[in-house]
Structure formats: C-alpha cells, structure tokens
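Quick one: dock chain against chain with the hints and give me the complex.
So the chains spell out like this:
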Amino acid sequence: MKRWNIYTPEGVQDILFESCRQKRLLESRIREAFRLNGYKEIETPTIEYYDTFGGERGLIKQESMYKFCDAKGRLLVLRPDLTVPVARVAATKLKDEPIPIKCFYIGNAFSFDELGGGRQNEFTQAGCELLGINSAEADAEVVAMAIEAVKAAGIDEFQIDIGQVGFFKGLMEESGLSEDEIEEVRALIDQKNLVGVEQVMDRHKVREPLKRLILDLPKLFGARDILQKINPEDIGKEATRAIENIKEVLEILDDRNLAQNVSLDLGMVQSLNYYTGIVFRGYTYGVGFPILSGGRYDKLLAKFGRECEATGFSLGINMVMMALERQKKLSKQEPEGVFITYEKNARKTASDYCRQLIRNNCIAELDLMQMGMEESKKHAKSRGFRKLVCIKNDGSREEIML
Amino acid sequence: MRYITFALSKGRLTDLSIKLLEGAGIDCTELKGNTRKLILSDEKNKIRFFLAKPADVPVYVEYGAADIGIVGKDTLLEEGRDLYEVLDLGFAKCRMCVAGPKELEGKMDSVSITRVATKYPEVARSYFRHKRRESVEIIKLSGSVELAPLVGLSEVIVDLVETGRTLKENGLVVLDTIYEISARMVVNRVSMKMENRRIAKIIEDIRKQL
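Order-wise, the sequence lines are chains D and V.
According to the numbering used here, the first sequence is numbered sequentially starting from 1.
According to the numbering used here, the second sequence is numbered sequentially starting from 403.
Only chain V is shown next, with the shape it has when bound in the complex (with noise of 0.2 Å):
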C-alpha cells in the first residue's frame, strides 16, 4: 500500500486538524510528541504527514507532494490553485473583508477608491477587478494592514476580520464582506482519482464530527 500524506498547516489551524484526524482513527502520536523529524507518520493506516507554513500547504497540495491538505479558505483564495477543495471544516472562521475609515461607510459606490493595501493582493485583486469593476494600485504588506489607512498610505484595506476589534480600536469599519473564510480540506487531483477509495473514507470519516 502506498502512504497517503497529509500537508497540515503550521499555526493555529494545527491542533483543531490533529484533533479531527484523531476522530477519524488516524494515529497522530508522532504528530503530537516534540520531535524534529519533519515528516511523520501513522504505519498502521500508511498515512504520513508533515507541517508547512499555509501558503505553501496548496502548493504541495496541487503538485501532489502531498494528498491531502488542511489550509485557510484565505489561503486558498490567495494562492488560486487548482485542488478538489472537499470539505468546509468549519473552524478557525473569519471574513475576508474590505475596510476603511468610518467616513467611507455606505459610499463604497460613489467615490473611487484607487489604491488598496492588503497581505492578499490576488483576493484584493480579483474583488476590484471582477465586483467592483475598478482598476487599483494594490499594495502589498505584510502585516499590521489596519495601519495603511490611518497614516495614507491607502485609502481601504482587505484584511481578515475575526471580532472586529482591532478595527474599531483604529478607527475603521467594514465596507463589504468578500468571503466567509474557515478551514477546509483539499486533495490532489490525481490522488482522488488513483486512491479514491481510501481518501474517500478519510473524507468520511472526517465528515461526520463536522
């Protein structure tokens, strides 16, 4: 039998898919424990895993260095990669949202936004191109987003909102929802057809403490 392997996203997204693996009777002890060994496995079921940072989860994932990935519906989105995306997990939910200063609120259609700061400039992108018809200046940073309209840097950010805290701390408000962002599953699409059996009942498995 060959291995299965899942890429796991390093980060918060950690535990909550160890946990559903586990629900699912995969053997994540070596996951679990404090090891250096980059690749780890369950020999009983012939599954191995590994941790990867989340953006590049979808990329081992299409390549089919991995079989099976869990990654932000974010990440997803920003990487635009060519995956079975199977299951909506359902944790680590946000929004993928526009904001920007009070003053703009309900006047996203009247005035013209021209430039956009943002740690997703392929979301931010394809929401000016395809919704909103416009062509802006994204600029891409790296973190601490909220920053960018509070010292003119941009006129509105597109960001992940959890609470809404740190906007409204800054002064910023919500402009429109892009996405409902959670956690999901993807599979290579070759690996779903070549071992459809077992990655079917992984899904199922998996699917039913959803």
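One chain only, chain D, in its complex shape (with noise of 0.2 Å):
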C-alpha cells in the first residue's frame, strides 16, 4: 500500500515563511483599500450544501466540486466560489439592513477545475459585492474598487476590459437562433473562434447587418472606439441598452480619472446564466490568466429567496502574487529584529532585555540552544535578523550588526 501522509493532496499547498509573510501583505492592504471604500468584511463557512452552488441548473458543474456528506447523509461541498454565499447571506440575514449593502470577503476557495498555470484546486480570493442597485454608478463603482485592489495589490501595469453580457443577448434574440446554437456561438466568440462563428452563422439565415456584427463580435474589442462602429438600428433594443449602460459606465469612470487602465471586449461573454448586465475581467503581465473577474448578476439572489440587484468582483490573491513575482515586484524582507544570546549567569538580563524589545514591538529572541557566540551570529544571519546581542555575565551587552 502506497504511504500518502508525507504528501499533500493534488492542487493544495503548504505556503511558506516568505510566501506566506508576502500575502498576508498584500492581503492586508486588499483588506485596507475595501475598508476605506466603505465595505464592510464577512466571513462564510468553508463548507456549504451543495444545493447552494448545484443542483438542476446550478451555477458551478458538479465535476468541479470537492463533494462529501454530513452526518445526515445530507451533500455538502467545499464552496467552489465566494460570491454564490454573499447572495445567500445577502439574501436571508441582510434582508433588512438598508440598501445599498456593501461587503468583501477574502478566503478561500476550492474547485478540480482550477489546476495549472499558478491555479490551485485550493485558492485565494478577495473580493466586494455591492447589493441592491442596478445602476451605470453602481457598476462603475465596483470597476473602480477592482481598479483599487489591483493598485493596492501593487500591481501598476495593467488592464480592466469592461463587456457587456446583455449586448450579446440582444443580437441573440434579434437574430432568431436557437438556444443550444446560442450557446455554441457564445462558445465560439469566447474563444475568439472567427472560422467557428462564420461556419455557424453560414449555416442560418440571419439578416445583414446583423449577420456582419456578429461574425465581428470576436474582434470588437480595444479602445472605446469600437462603440463607434455599432450602428443602433442594426442592434434591436436590448442590445442598444447594453451599448448605453457601456457609455454611461465609462463616463463615470472618466470622472473618477480610471479611464486610461480600462479597455472594452463587447466579445467577452463567460457564463451567461449568472451575469446579467456589465461583465470585466483584468489583466497583467506574466501570468497566462485574468487576475480579477466580475459584473452584474442581478437574477443571482433570487435562487435564495429575495429580489435583489447585486454586483461584484473577485480578485484571485494566488494570481497577484505570481504576477508580482514574475514582474519582480515582490517586497524583500528587510533584515529585522534583535536576536539575544547571553552567559550563563545572564538569563535573567537577557530574558528582562527580551520582553522590553518585543514590549516596543520590535522582534527579538532568545537563544534558546545556547549555542555560544560565533554559531548564533551565523543562525541569527541565515534567520533574517538584523543584530545580534549577547548578554554577559556582568549585564554588559555586547551588540553586532548582522
């Protein structure tokens, strides 16, 4: 039989002095930029049932779910994904609390699906939601609040594109295909799949200019002048509004002096049964995958009971952190604090030394090996500590530099 218990399981991680010191960094100053926007921090359970996420319909594929039982016999999950609890909670127990309601949350997730390219099954997310109005301010607000975690991250390269779910929806339902052809051009046009769309769209009668735009949908994506190019009149109405909702967003983000990291891609359409207005996604430097994604899920609190507009992003921290590194901006550490080691008869001193330091909030320890001079000077180095000091038998200190 094969000896698992020196090995953690697949796509989970222990994480590390260093690496461990760096993202509680950048999940602290995630965690400050929230909390100065006015959001307040919840924190959900690790396990939910599984009917929260799945089911018939459900908003997360069961394949990518780590499953197991209670006691009852009843399906629980590890929860795949942090803003489907938000709405269960925003829906139950916020019920009353006046509106807009607004929250984050940074914890973990878990999902088979997420391996690879610096994906864990296990992973980091922090995030907002802003709960109770559908509106252009309401969606510029949370694309700047992923605009400020990105900054506050220390990220300083990057891009936000900003879609539009509803605009594919429209040329949809004006175009009169059926629900799985849909869903197959949705597909396609998410892969930027132009030879895909075409083979499709040659397959059905759909009327120009219709048939140009759609078969364009991959490529509109860029600077905000691709807006100009859309014609209303070929587009129907829920389209139009989409493009309206756009302008409008962009606008505010202007005045907010947040245009120049924003882009547009009318192409992007992920996941159409749980957003349903604006969509974003952002992007950096070395690494291969978005870092941060969101929109508007209005439909999404209905599923537990309550009405309710809700928008919201999340920020994935393992990503962050791979792209700071890959862009070497990853803080060192610093040398620091005091590491004590003292003669025989000057444990008391050393001891009463030891607790002053850390009194006045600085590191400091104790040799507790007693190893003598020479080989604490060299351990003290390796630790990262910035002095050394030895406490002599006389009370006499003696201090290096490391």
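If you are wondering where the hints come from, they were derived from the structure by calculation, not from laboratory data.
Restraint-style ranges between C-beta atoms, simulated for each label pair:
1. D/G58 - V/K542: 28 to 36 Å
2. V/K448 - D/R386: 41 to 49 Å
3. V/E582 - D/G58: 27 to 35 Å
4. D/E244 - V/E606: 29 to 37 Å
5. V/G566 - D/K72: 55 to 63 Å
6. D/E248 - V/V576: 51 to 59 Å
7. D/A259 - V/I541: 52 to 60 Å
8. D/E374 - V/K412: 53 to 61 Å
9. V/E582 - D/R24: 51 to 59 Å
10. D/K72 - V/M510: 46 to 54 Å
11. V/E606 - D/V12: 39 to 47 Å
12. V/S514 - D/S178: 23 to 31 Å
Straight-line C-alpha distance at most 25 Å; calculated DSS-like pairs for lysine-lysine:
13. V/K448 - D/K328
14. V/K439 - V/K455
15. D/K211 - V/K610
16. D/K205 - V/K533
17. D/K329 - V/K448
18. V/K533 - D/K61
Just so you know, even glycine gets a beta-carbon here, dropped at the ideal spot from N, CA and C.
Spelled out as structure tokens, the structure:
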C-alpha cells in the first residue's frame, strides 16, 4: 500500500514563511482598500450545502466541486466560489439592512477545475459585492474598486476589460437562433474563434447587417472607439441598452480619473446563466490568466428567495502573487529584529531585555540553544535578524549588526 | 519592448509556419539554421520562437509561456485548452473521422458501438457523449489505430484521415466526419489584451497571405 501521509493532496500547497508573509501583506493591503471605501468584511463557512451551488441548472459544474456528506447524509461541498455564499447571506440574513449593502470577503475557495498556470485547487479570493442597486453608478463603483484593489496589491501595469452580456443576448434574440446554437456561438466568440462563428452563421439565414456584427464580435475589443462601429439601428433594443450602459459606466470612470486602465471587449461572454449586465476582467503581465473577474448578477439572489440587484468582483490572490513575483515587484524582506544570546548567569537580564524589546514592537528572540557567539551569529544571520546581542555575565551587552 | 513568444509545432507544420511568419516580415533566419539552441529570436522585432511537440503547444500558450502558437485543430480539440483561436491557416488539411469496417456503413445509428480505439480519447469521448449520446469504452492507442478493428480490439476507430488510402487498403471506410482539421493560430487570453496592438498586427500580416 502506498503511503500518502507525507504528501499534500493534488492541487493544494503549503505556504511557507516568506510567501506567507507576502500573502498576508497583500491581503491586508487589499482589506484596507475595501475598508476605506466603506465595504464591510464578512466571513462565510468553508463548507456549504451542495444545493447552494449545484442542482438542476446549477451555477457551478458538479464535477468541479469537492463533495462529501454531513452526519445526516446531506451532500456538502467545499465552497467553489465566494460570491454565491454572499448572495445567500444577503438574500436571507441581510434582508433588513439598508440598501446599498457593501460587503467584502477574503477567503479560500476550492475547485477541481483550477489546476494549472499558477492556479491551484485551493485558492484565495478577495472580492467585494455591492447589493441592492442596478445603475451605471454601481457598475462603475465596482470596476473602480477592482482597479483600486489591483493598485493596492502593487501592480501598476494592468488592464481592465469591460463587456456587457446584454449586448450579446440582444444580438442573439434578434438573430432567431435556437438556445443550443446560441450556446455554440457564445463558446466560439468567447474563444475569439472567427472561423467557427462564420461556420455557424453560414448555416443560418441571419439578416445583414446583424450577421456582419455577430461575425465581428470576436474582434470587437480594444479602445472605446469600437463603440462607434456599431449602428443602433442594426442591433435591437436590448443590445442598444447594453451599449448605453457601457457608455455611461465609461463616463463615470472618466470622472473618477480611472479610464486609462479600462478598455472594452464586447466579445466577453463568459457564463451567461450568471451574469446579467456589465462584466469585466483584469489582466497584467506575467500570468497567462486573468487576475480578476466580475460583473452584474441581478438574478442570483432570487435563487435564495430575494429579488435584489447585485454586482461585484473577485481577485485571485495567488494569481496576483505570481504576477508580482514575475514582475519582480515583491518587496524583499529587510533584515529585522534582535537575536539575543547570553552567558550562563545572564539569563534573567537577557530575558528582561528581550521582553522590553517585544513590548516596544521589535522582534526579539532568546537563544534557546545556548549556541554561543560564533554559532549565534551564523544562525541569526540566516534567520534574517538585523542585530545580534550578547548579554555577558556582568550584565554588559555586546552588539553586532548582521 | 517585451518579447512576443511563438510556440511552433515541431514536425510537418514547422516549415509552413516559418513561411507564413517570413511573409509577415518576421526574420526567421535563426529558426531555419541548424542550431541546437532551444529559443531563437528576431531581435529587431523582439520576437522569440521555440519549437515544441504539437500536443504541448496549446499548453505553453494557455499558461502564457508563449503568447502565440501554431498548431493543428486536432491537437486543440484533444487538449481542450482555454485559448483564443484567431486564424485558420488553411494548411495541413485533413478530417477527424469515425472509421470502421464496411459492414457498418450507413448502419451507425442502428448498431450500438461499445469500443472505440483512438489516439484522440477526448475528441472521441466528446463525440460519442454529445453527438451520439452513447457511453462507449475509449481505448487509447499511440499509433496504427487502423489495426484495432482488424484484430478485434474495437468496433470502430476515431482518427485523422488525409487521403483515406490507409483505410481503404485495410478494408475500412469513413462512417462519419467529426471535424474538418487544419493548422490554426492561437493566442493566449492575456497576451491578446496586454499586447493587443502588436499581436493584432501579426494576425493581420498573416491573414493577408491566406
């Protein structure tokens, strides 16, 4: 029998000293950014009922969830996402909170799908949700928050792409394609597969110029002047509303001086059963995957019994860490703290001195192994201390900067 | 300026890929030379290349280790990676087919197939699951797949068919075409956004030659 006891399961990792320090630092900066913008932190359980995420027309594929049973045989999952639990809480326990509700979370999620490219099966997400309003102001606020979080993380070269699922839905409604075909077109556009889209469109008689526009969808991304290529007369009501929505959001972001990091992607059409309006993703150098994604999901709370508009985003902390590392932006740990070794009879003096340093917020540590001056020097240096202090029997101190 | 990195498929796609790149004004001298270096470059345009096994190209591109890849649609289908597939390059054309003994011709819907031999287990699985709604046993082989129905390993095979000669000589026929295959250009999702201007120009310069 193979023994697994010295390994961690596939897709999960130990995070050791320096990475752990970096990660906590990153989380605390992001937490502070959310807090200063009026969002309040919430914590939901790591395990939830399967029904919260899955079931018929479930939000998340059943094969990507870690499942197990509770003592009564009910199916549980390790949360694959943190937005859905927030929606559950908002629909049930926050019913009487004044609107808008602004909350944020930083926590781990689990998914079998995530492996690869810095993605792990257990990963940390930081995100915020703005519940109770559907307006361009709210959409822009959440995009702005995403930009602020990325900046707080220390990434300055990045791009946020904004799309609107209503645009695609509107075009599809006008086209008269069946539900299965729409899904096929969606997947193809999401891959920017121009050839594939053309093949599907050739099978159907879709009126020009609508057809042209659908064929162009994979290319409709970049600076905001792509909006000028679209003639409102070609696209129907829903798609026109979507474009108006995007324009408004851009104007608000202009006023907030955030437009330089924002561009558009009308072909961004990920999972339509979740998002209902503005959608966005964030990219940076050094990682092959988006570092954040978000959007408007006005129908999600209804699954938990409350009609309530909502928008939000989440940032992949592990992804951001990798980007910072590749961009060489992780701050090096400077030597800090005092390592205190002492001669036999100076134990009390040494320990008093150590307490005093700690009370003054300085890292200090007693030499528990009595290794003597030479050994302590090597040890303290390799542990990253800034200073070695030796307390002599007569109470005097010898200090060495490391 | 950052490097834009190409992952090219080693093998029959290599020379045709190089031709397209040269046509787009990219200097491939280093790539054509007989060198043992693994990563080659066009310093003027800040472009780097490397050759990889075709099945690895989509992996390099998905992870962002390469920005752009040139690879067969068969590999893309089998690997199922999350990429932008931006161009059909039109060369290395063939078909991904279900093939089997002549007796099965026209009877695919009435007989129930239980075993399928293939080099493309994912393609075969998804075809039988989604298009035919059948649960079949997929047997993965590494070559000479045509042998499988002849010696009774499987009823049918899923494989690439170029001219159909191998099938014919062994008494097999194409029962259904799953996909039309050709070489494709793929782009990493983040690179497409972060290096949009340069990558869009490369795509356009290559498209012009097709």
